[in-house]
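Asks: One letter stands for each residue in the lines below.
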Amino acid sequence: MRAIMTVTGPDRVGIIASVSTLLASLNINILDLSQTIMGGLFTMTLLVDTAGANRGFEEIREALNEHGERECLSIRIQREDTFAAMHRI
Amino acid sequence: MLNQSDILQTLNMIDHQHLDIRTITMGISLRDCAHPEAGRCAEKIYDKICRRAEKLVETGCAIEREYGIPIVNKRISVTPAALVAESCGGEDLLPIARALDRAARECGVNFIGGYSALVHKGFTEGDRRLIASIPAALAETDLVCSSVNVATTKAGVNMDAVALMGRIIKQTAEATAERDGLGCAKLVVFANAVEDNPFMAGAFHGVGEPECVINVGVSGPGVVHAALKEVRGAPFDVVAETVKRTAFRVTRMGQMVALAASQRLGVPFGVVDLSLAPTPAVGDSVARILEEMGIEVCGTHGTTAALALLNDAVKKGGLMASSHVGGLSGAFIPVSEDEGMIAAAERGTLALDKLEAMTSVCSVGLDMIAVPGDTPAETISAIIADEAAIGVVNQKTTAVRLIPAPGKGVGERVEFGGLLGSAPVIPVHPESSAAFIARGGRIPAPMQSLKN
Numbered sequence: 001m002r003a004i005m006t007v008t009g010p011d012r013v014g015i016i017a018s019v020s021t022l023l024a025s026l027n028i029n030i031l032d033l034s035q036t037i038m039g040g041l042f043t044m045t046l047l048v049d050t051a052g053a054n055r056g057f058e059e060i061r062e063a064l065n066e067h068g069e070r071e072c073l074s075i076r077i078q079r080e081d082t083f084a085a086m087h088r089i
Numbered sequence: 001m002l003n004q005s006d007i008l009q010t011l012n013m014i015d016h017q018h019l020d021i022r023t024i025t026m027g028i029s030l031r032d033c034a035h036p037e038a039g040r041c042a043e044k045i046y047d048k049i050c051r052r053a054e055k056l057v058e059t060g061c062a063i064e065r066e067y068g069i070p071i072v073n074k075r076i077s078v079t080p081a082a083l084v085a086e087s088c089g090g091e092d093l094l095p096i097a098r099a100l101d102r103a104a105r106e107c108g109v110n111f112i113g114g115y116s117a118l119v120h121k122g123f124t125e126g127d128r129r130l131i132a133s134i135p136a137a138l139a140e141t142d143l144v145c146s147s148v149n150v151a152t153t154k155a156g157v158n159m160d161a162v163a164l165m166g167r168i169i170k171q172t173a174e175a176t177a178e179r180d181g182l183g184c185a186k187l188v189v190f191a192n193a194v195e196d197n198p199f200m201a202g203a204f205h206g207v208g209e210p211e212c213v214i215n216v217g218v219s220g221p222g223v224v225h226a227a228l229k230e231v232r233g234a235p236f237d238v239v240a241e242t243v244k245r246t247a248f249r250v251t252r253m254g255q256m257v258a259l260a261a262s263q264r265l266g267v268p269f270g271v272v273d274l275s276l277a278p279t280p281a282v283g284d285s286v287a288r289i290l291e292e293m294g295i296e297v298c299g300t301h302g303t304t305a306a307l308a309l310l311n312d313a314v315k316k317g318g319l320m321a322s323s324h325v326g327g328l329s330g331a332f333i334p335v336s337e338d339e340g341m342i343a344a345a346e347r348g349t350l351a352l353d354k355l356e357a358m359t360s361v362c363s364v365g366l367d368m369i370a371v372p373g374d375t376p377a378e379t380i381s382a383i384i385a386d387e388a389a390i391g392v393v394n395q396k397t398t399a400v401r402l403i404p405a406p407g408k409g410v411g412e413r414v415e416f417g418g419l420l421g422s423a424p425v426i427p428v429h430p431e432s433s434a435a436f437i438a439r440g441g442r443i444p445a446p447m448q449s450l451k452n
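Protein chains in written order, with this note's numbering: chain C, 1 to 89; chain W, 1 to 452.
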């Protein structure tokens with residue numbers, strides 16, 4: 001399943017490293033990534049493929065939530081379909 | 001990959017503009033549940049609903065998590081109970097209402113609609129018994145919603161039913177007097193009721209519907225409002241185009257969720273209802289959209305035109321986003337459920353007569369309006385007759401959901417809580433309509449019905 005992840009929070013060193021390390025540990029492949037700073041806020045969107053993941057979607061979501069809380073980041077993951085439905089015809 | 005700003009725009013709509021799917025409603029046919037004994041009929045109803053809707057809430061919640069879009073309500077609509085209970089002997093139909101309530105609780109939904117009768121041309125014995133039981137049924141149950149269709153463009157207006165429903169609304173208010181007449185918030189009197197409406201309290205599973213079906217109601221007043229803020233002062237062409245684009249986006253979400261739910265539950269997809277349904281939350285109001293167009297307070301001059309534009313643009317935008325559009329599809333104006341409407345009614349700007357005018361250009365009708373507890377039944381019937389006339393002549397659905405607040409007068413408030421909200425009691429005309437209602441009979445179908 002292809003999903004969109006968004007990571008937001010105060011900018012600092014090592015956010016991409018920590019998030020990508022977690023994704024690697026879950027065996028989730030990053031297909032695309034885009035990152036910017038908006039008004040001092042670190043904002044990253046990732047397109048990921050969970051097909052080979054070693055956990056179910058619900059567990060992945062929880063793992064990301066917990067990681068986000070530890071690192072003071074907001075991390076969410078949603079099916080890519082949600083965004084495609086709204087922005088692609 | 002998708003554009004990052006598109007992704008963030010969608011998230012902003014969900015996080016800050018109350019974008020949500022208002023309801024996934026499973027329609028279930030109860031036509032095979034008829035039985036001569038009301039108790040047995042009730043058991044069959046309970047069993048069937050629990051079997052069909054067992055996984056509805058669980059599936060809705062899973063979709064919500066995976067797609068990251070809130071689905072506020074999961075609900076059930078059933079075949080109008082008068083049809084199912086018609087063959088039950090005896091007068092007492094309350095076991096049917098109790099069975100619906102228990103089944104709704106068991107399935108975890110927050111409302112079940114269909115304690116209903118269709119009497120636009122006349123009553124059967126079953127219809128009479130069911131309607132007579134509505135006040136007690138709504139007082140005794142928590143989740144059951146009831147509706148009665150009293151008029152259609154094809155049949156005209158059944159004025160006997162209109163007269164009866166005025167009395168039933170009063171009795172329902174009295175039966176739930178200790179809760180501000182809450183029962184009336186679960187009772188809708190329709191003209192041209194639709195068979196696939198997913199929204200409560202008026203949802204029922206029509207006789208032309210399949211065994212089981214999934215209908216989805218979208219929402220999004222906050223998203224439309226936010227979009228219009230970006231085009232402040234622009235001509236109406238721009239306003240209409242902005243509403244259309246926004247409605248398209250919102251409806252695509254509804255279509256996506258409807259297809260996912262239908263596939264996972266193994267139940268056919270029925271329709272997406274393109275409605276703008278407000279909630280009492282700040283930032284989720286239809287009235288505030290009208291005010292954004294330049295109306296100082298909802299209800300003043302210009303409100304009807306603003307609403308007409310909004311209603312039309314929502315439909316035009318939503319139509320292409322869904323493969324099957326149905327239900328009520330339009331902007332709702334339930335006073336107690338809309339923060340801006342509540343404020344306008346409290347100021348006295350939004351009055352019953354203006355609301356009636358507004359119902360001629362938008363979805364449904366006089367909805368969730370508290371009127372004085374001493375309003376005569378005949379006055380309520382006359383209000384229903386006016387709404388029915390608007391619906392019948394304009395070939396649209398109209399409805400009346402009035403709460404004659406027991407023991408309360410103009411300026412006092414009723415509090416229902418949750419999605420049903422709260423509302424100030426607003427005045428009705430004191431002059432009598434009793435002689436008009438006492439005539440009975442039928443108002444003939446208008447010229448518009450002769451299409452063949």
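Because the hints were derived from the structure by calculation, they are not lab data. Careful: at least some of the hints might be erroneous.
As the list claims (entries may be wrong) - Label-pair restraints from in silico Cβ distances:
| id | chain 1 | residue 1 | chain 2 | residue 2 | range |
| --- | --- | --- | --- | --- | --- |
| 1 | W | Gly411 | C | Arg88 | 48 to 56 Å |
| 2 | W | Gly108 | C | Ala84 | 39 to 47 Å |
| 3 | C | Ile37 | W | Glu140 | 54 to 62 Å |
| 4 | W | Asp47 | C | Gly52 | 26 to 34 Å |
| 5 | C | Gly9 | W | Ala234 | 41 to 49 Å |
| 6 | C | Ala84 | W | Gly90 | 20 to 28 Å |
| 7 | W | Asp142 | C | Glu69 | 43 to 51 Å |
| 8 | W | Val393 | C | Glu66 | 57 to 65 Å |
| 9 | C | Gly9 | W | Gly418 | 43 to 51 Å |
| 10 | C | Gly9 | W | Thr349 | 50 to 58 Å |
| 11 | W | Gly90 | C | Glu69 | 57 to 65 Å |
| 12 | C | Asp32 | W | Asn452 | 39 to 47 Å |
Glycine included, C-beta positions come from ideal geometry on N, C-alpha and C.
Asks: Now tell me if each hint is right for this structure.
Replies: Verification of the supplied hints:
1. Gly411/W <-> Arg88/C: 48 to 56 Å: holds, 51 Å
2. Gly108/W <-> Ala84/C: 39 to 47 Å: violated, 30 Å
3. Ile37/C <-> Glu140/W: 54 to 62 Å: holds, 59 Å
4. Asp47/W <-> Gly52/C: 26 to 34 Å: Check failed, 43 Å falls outside 26 to 34 Å.
5. Gly9/C <-> Ala234/W: 41 to 49 Å: violated, 36 Å
6. Ala84/C <-> Gly90/W: 20 to 28 Å: violated, 56 Å
7. Asp142/W <-> Glu69/C: 43 to 51 Å: violated, 37 Å
8. Val393/W <-> Glu66/C: 57 to 65 Å: For Glu66/C against Val393/W, whose Cβ atoms are near 60 Å apart, the range 57 to 65 Å holds.
9. Gly9/C <-> Gly418/W: 43 to 51 Å: This hint is violated: roughly 33 Å between Cβ atoms.
10. Gly9/C <-> Thr349/W: 50 to 58 Å: Given about 44 Å between the Cβ atoms, the range is violated.
11. Gly90/W <-> Glu69/C: 57 to 65 Å: Holds, since Gly90/W and Glu69/C (Cβ atoms, about 59 Å apart) stay within the stated range.
12. Asp32/C <-> Asn452/W: 39 to 47 Å: violated, 58 Å
Hints 2, 4, 5, 6, 7, 9, 10 and 12, counting from the list given before, are not met by this structure.
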